[in-house]
Amino acid sequence: MDKRGDTSIMMNSIIYIIIFILFFSLMFWFVGSYSNGSALWEDFYSKEIVRVINTAKPGEEFKIDVTPLAVVASRSGKPIKDIVSVDNVNNQIIVSTKLNSGVSFKFFNDVDIVDWFVESPSGSPDSTRFIFKVVEEQRSGLS
Amino acid sequence: MVYRKGTLGSGLLYFVYFLMIALIVGGIYGGLIAYFGKGYDYREREANLLLQETKDCFADEGFFDLNTDLKEDLFFDKCGFNRNVLEDGNHMIYIKNKNNIEFSVGVADFRVKCFLNARTKNRDYPICVPYELDGNYILVGSSQNSKRVAA
Chain Y
1 MDKRGDTSIM MNSIIYIIIF ILFFSLMFWF VGSYSNGSAL WEDFYSKEIV RVINTAKPGE
61 EFKIDVTPLA VVASRSGKPI KDIVSVDNVN NQIIVSTKLN SGVSFKFFND VDIVDWFVES
121 PSGSPDSTRF IFKVVEEQRS GLS
Chain U
1 MVYRKGTLGS GLLYFVYFLM IALIVGGIYG GLIAYFGKGY DYREREANLL LQETKDCFAD
61 EGFFDLNTDL KEDLFFDKCG FNRNVLEDGN HMIYIKNKNN IEFSVGVADF RVKCFLNART
121 KNRDYPICVP YELDGNYILV GSSQNSKRVA A
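Top line first, the protein sequences correspond to chains Y and U.
Here this note's numbering is used: position 83 in the first sequence is 83, and no number is missing along the way.
Here this note's numbering is used: position 11 in the second sequence is 11, and no number is missing along the way.
Simulated from the structure, these hints should not be mistaken for laboratory data.
All residues carry an ideal CB built from backbone N, CA and C; glycine is no exception.
Mixed in with the good hints there might be a few duds.
Said to hold, decoys possible - When the alpha-carbon atoms are kept at most 30 angstroms apart in a straight line, the in silico DSS-like pairs for lysine-lysine are as follows:
#1 U:147 with Y:98
#2 Y:57 with U:121
#3 U:98 with Y:63
Claimed, not checked - Per label pair, the in silico range of CB-to-CB distance:
#4 Y:79 with U:132: 28 to 38 angstroms
#5 Y:137 with U:89: 16 to 26 angstroms
#6 Y:138 with U:56: 21 to 31 angstroms
#7 U:56 with Y:135: 13 to 23 angstroms
#8 U:116 with Y:114: 32 to 42 angstroms
#9 Y:119 with U:124: 32 to 42 angstroms
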């Protein structure tokens with residue numbers, strides 16, 4: 001009787017361990033496949049675009065290649081035209097590769113960003129560019 | 001005899017318990033790193049950029065030669081910095097010119113935090129860049145990190 005009881009406890013433990021290993025393996029696979037490096041690219045491009053804006057002078061126009069961002073966004077179903085946006089009221093750039101969330105970063109240069117859009121000439125994520133112009137701050141509630 | 005066998009089983013369960021704890025903690029940590037990544041540390045680059053712009057502005061506008069206090073409005077107007085961003089709690093500019101006139105905007109506490117050892121690992125702390133020439137001293141710091149927002 002006692003020996004059978006011991007075996008039952010050990011078997012239960014082994015089953016628990018197997019279930020937990022399976023669960024965490026599945027969780028790692030899911031998280032790994034879901035992220036696709038999107039957090040890294042969002043963080044990188046928000047800061048690099050802000051770096052360009054911080055060194056820019058009014059009147060300048062920029063075209064920045066954002067292909068890696070567009071590739072990740074297209075995999076998660078995000079429209080390519082919405083991957084980068086500008087908030088002139090709060091002086092921040094918002095980069096997003098997922099449907100409901102993104103990453104923001106502020107620029108200290110007192111300018112406004114106008115005529116900004118994401119261009120994808122071939123319709124596919126390849127050769128996607130973020131185009132914008134830098135002008136004097138207009139203090140007119142641009143968004 | 002029976003009692004001693006029970007002790008053995010109970011002891012083995014501790015091993016299982018700790019293994020499960022380790023798996024849960026490891027899983028959560030690994031999941032967070034996999035999902036969010038360690039990120040791109042931009043604080044020093046931003047501080048360098050802010051220092052360069054400040055230095056150029058002070059030289060161009062003759063603020064290094066001031067004998068009276070510099071007004072904040074004049075500073076923001078002439079240097080082209082956005083007031084809301086520099087006063088958002090993540091930036092600091094401190095200047096002491098050769099005439100001992102001091103001027104600062106942003107988080108005053110950064111003058112201490114800039115030199116704490118924790119600043120390299122903890123991204124809530126600022127990374128600062130000092131500059132000194134001809135008796136003029138500038139200290140610029142940034143602790144800005146990207147923020148996750150609804151988009």
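Structure-based check of all given hints:
{"no.": "1", "hint": "U:147 with Y:98", "result": "15 angstroms, holds"}
{"no.": "2", "hint": "Y:57 with U:121", "result": "34 angstroms, violated"}
{"no.": "3", "hint": "U:98 with Y:63", "result": "42 angstroms, violated"}
{"no.": "4", "hint": "Y:79 with U:132: 28 to 38 angstroms", "result": "50 angstroms, violated"}
{"no.": "5", "hint": "Y:137 with U:89: 16 to 26 angstroms", "result": "21 angstroms, holds"}
{"no.": "6", "hint": "Y:138 with U:56: 21 to 31 angstroms", "result": "24 angstroms, holds"}
{"no.": "7", "hint": "U:56 with Y:135: 13 to 23 angstroms", "result": "20 angstroms, holds"}
{"no.": "8", "hint": "U:116 with Y:114: 32 to 42 angstroms", "result": "41 angstroms, holds"}
{"no.": "9", "hint": "Y:119 with U:124: 32 to 42 angstroms", "result": "37 angstroms, holds"}
Comparing the model with each earlier hint shows violations of hints 2, 3 and 4; every other hint is respected.
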